[in-house]
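Peer 1: Sequence:
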Amino acid sequence: MRYLFIFPLYGSAILKMIKLFLFVSRYIRPRWLKVVEAILVAAVSATVGFLMMFILNDCKPLGQGPTKYPTQLYCLDGQYNVLASIWFQTPEASVRSLFHDPPNTHDALPLISFVVIYFFLAAWTFGMSTSNGLFIPTLLTGAAWGRLVSITLYYIFPNVALVHPGKYALIGAAAQLGGVVRMTLSLTVIIMETTGNITFALPLIITLIAAKWTGDFFNEGIYDTLIQLSGVPFLPWEPPPLVHNIYASEVMSHPVITLKCVENVGHIVELLRLTSYNGFPVVDPPLSDQSEVTTYGRIRGLILRSQLIVILQKKIFNETSDDWDRIKASIFRNEYPRYPNIDNVQISEEEKTFSVDLRPFMNPSPYTVLHSASLPRMFRLFRALGLRHLPIVNDINEVVGMVTRKDLARYRVWRYRGRIGVEELLISKDI
Numbered sequence: 008m009r010y011l012f013i014f015p016l017y018g019s020a021i022l023k024m025i026k027l028f029l030f031v032s033r034y035i036r037p038r039w040l041k042v043v044e045a046i047l048v049a050a051v052s053a054t055v056g057f058l059m060m061f062i063l064n065d066c067k068p069l070g071q072g073p074t075k076y077p078t079q080l081y082c083l084d085g086q087y088n089v090l091a092s093i094w095f096q097t098p099e100a101s102v103r104s105l106f107h108d109p110p111n112t113h114d115a116l117p118l119i120s121f122v123v124i125y126f127f128l129a130a131w132t133f134g135m136s137t138s139n140g141l142f143i144p145t146l147l148t149g150a151a152w153g154r155l156v157s158i159t160l161y162y163i164f165p166n167v168a169l170v171h172p173g174k175y176a177l178i179g180a181a182a183q184l185g186g187v188v189r190m191t192l193s194l195t196v197i198i199m200e201t202t203g204n205i206t207f208a209l210p211l212i213i214t215l216i217a218a219k220w221t222g223d224f225f226n227e228g229i230y231d232t233l234i235q236l237s238g239v240p241f242l243p244w245e246p247p248p249l250v251h252n253i254y255a256s257e258v259m260s261h262p263v264i265t266l267k268c269v270e271n272v273g274h275i276v277e278l279l280r281l282t283s284y285n286g287f288p289v290v291d292p293p294l295s296d297q298s299e300v301t302t303y304g305r306i307r308g309l310i311l312r313s314q315l316i317v318i319l320q321k322k323i324f325n326e327t328s329d330d331w332d333r334i335k336a337s338i339f340r341n342e343y344p345r346y347p348n349i350d351n352v353q354i355s356e357e358e359k360t361f362s363v364d365l366r367p368f369m370n371p372s373p374y375t376v377l378h379s380a381s382l383p384r385m386f387r388l389f390r391a392l393g394l395r396h397l398p399i400v401n402d403i404n405e406v407v408g409m410v411t412r413k414d415l416a417r418y419r420v421w422r423y424r425g426r427i428g429v430e431e432l433l434i435s436k437d438i
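Quick note, the sequence shown lines up with residues 8 to 438 if you use the numbering used here.
Please note: incorrect hints may appear among the correct ones.
[To be verified] Below, computed lysine-lysine pairings styled on DSBU-like, alpha-carbon distance capped at 35 Å: (1) Lys413 - Lys359; (2) Lys359 - Lys267; (3) Lys322 - Lys413; (4) Lys41 - Lys413; (5) Lys359 - Lys321; (6) Lys322 - Lys267; (7) Lys174 - Lys67.
[Claimed, not checked] Computed Cβ-Cβ distance ranges for the label pairs, DEER-style: (8) Glu431 - Asn271: 47 to 55 Å; (9) Thr97 - Pro383: 43 to 51 Å; (10) Gly70 - Trp244: 49 to 57 Å; (11) His171 - Pro383: 30 to 38 Å; (12) Ile163 - Phe61: 39 to 47 Å; (13) Trp244 - Tyr374: 15 to 23 Å; (14) Phe95 - Val429: 13 to 21 Å; (15) Pro347 - Phe61: 53 to 61 Å; (16) Arg419 - Phe61: 24 to 32 Å.
Derived from the structure by calculation, the hints contain no laboratory data. Just so it is clear, the structure is predicted and the values come from calculations on it, not from any experiment. Cβ atoms here follow ideal geometry from the backbone N, Cα and C, with glycine treated the same way.
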């Protein structure tokens, strides 16, 4: 089974193909074009599958294989089409068949054709705009490769007693999955637990070490690739290296939308309707009278979008709320986790002239950092404390900017053949 070290390399080739299709799918924006793409994939899959079954003569006598519902497609009476049985089953059932089918059930040429074609179809399907998985297709192609290796070894060493080809299919499926998702240790434990046989440990560890090597060579797994291409602001465990000379003043978003301690209701309503921000610094009015100011007043706290919407919905205004002692934190907990949308809050024109005191509801001591703080320091604050917003202040505690996860997640590390560097990614605006 030591020959199965090639499967992690094949899994890395799948990564490159999937990355290509994902990159192409980013430019398929119109909805009707996405529907056309899905129809095209279905038509190509059906056409290629039937052509394979028609051209390749993969007919075997009934009763030779363990197929419960044999398919006679393009075969004579008393025979069944092995390739059609793989195509017409669910992928999970096909994986089980490759694991448990007796020797001499599958031929080399149909398996080679199936693996190559299924490789492109799986990569193309995963790159579409629909929700499709890659776990089972990866297991299926790996199991087919494992069967193919057992057939090849049988032709090379016809007089040597080989183990059951289903074991090759099992190790091949695990090795290819390790090459795609980089779950090296987890896969070893899963295979040992499912088979109950420790003899699989050594060849599996060898193949998964190869998966780790190819992972370092090609830099990333499928989910890392998908996160990067989708622009999801996902922070890794450690801050990127070589970024100690990047400071908060270079990373922060500017200008910042702030609120006063006592704010006009109409201003809050328009602010929530025109922006999608989730956190707003609460500040004292700035002392500067200049026409262009770079500071927004001394910070007093931080209030969330959800809190502002609940305040508007409950109409907790200075002019209408007499008993402030009855206002408790439960009014916010009762709306969690599905807070109302600002469009569902009804505010009359008279109420827009009212004011609301934000001091009882805001966080009076939010985490802040100076504009001279380094990127690794901010990264560790977000990672350790689970922050979503980090106001940036100057030497006299005036707000000058705001940092969110997207501002930090756009700095990623790339590694290629011993070289390392930091790149700045384009994070999606829809997040």
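Peer 1: Which hint numbers doesn't this structure obey?
Peer 2: 8, 11, 12, 14 and 16
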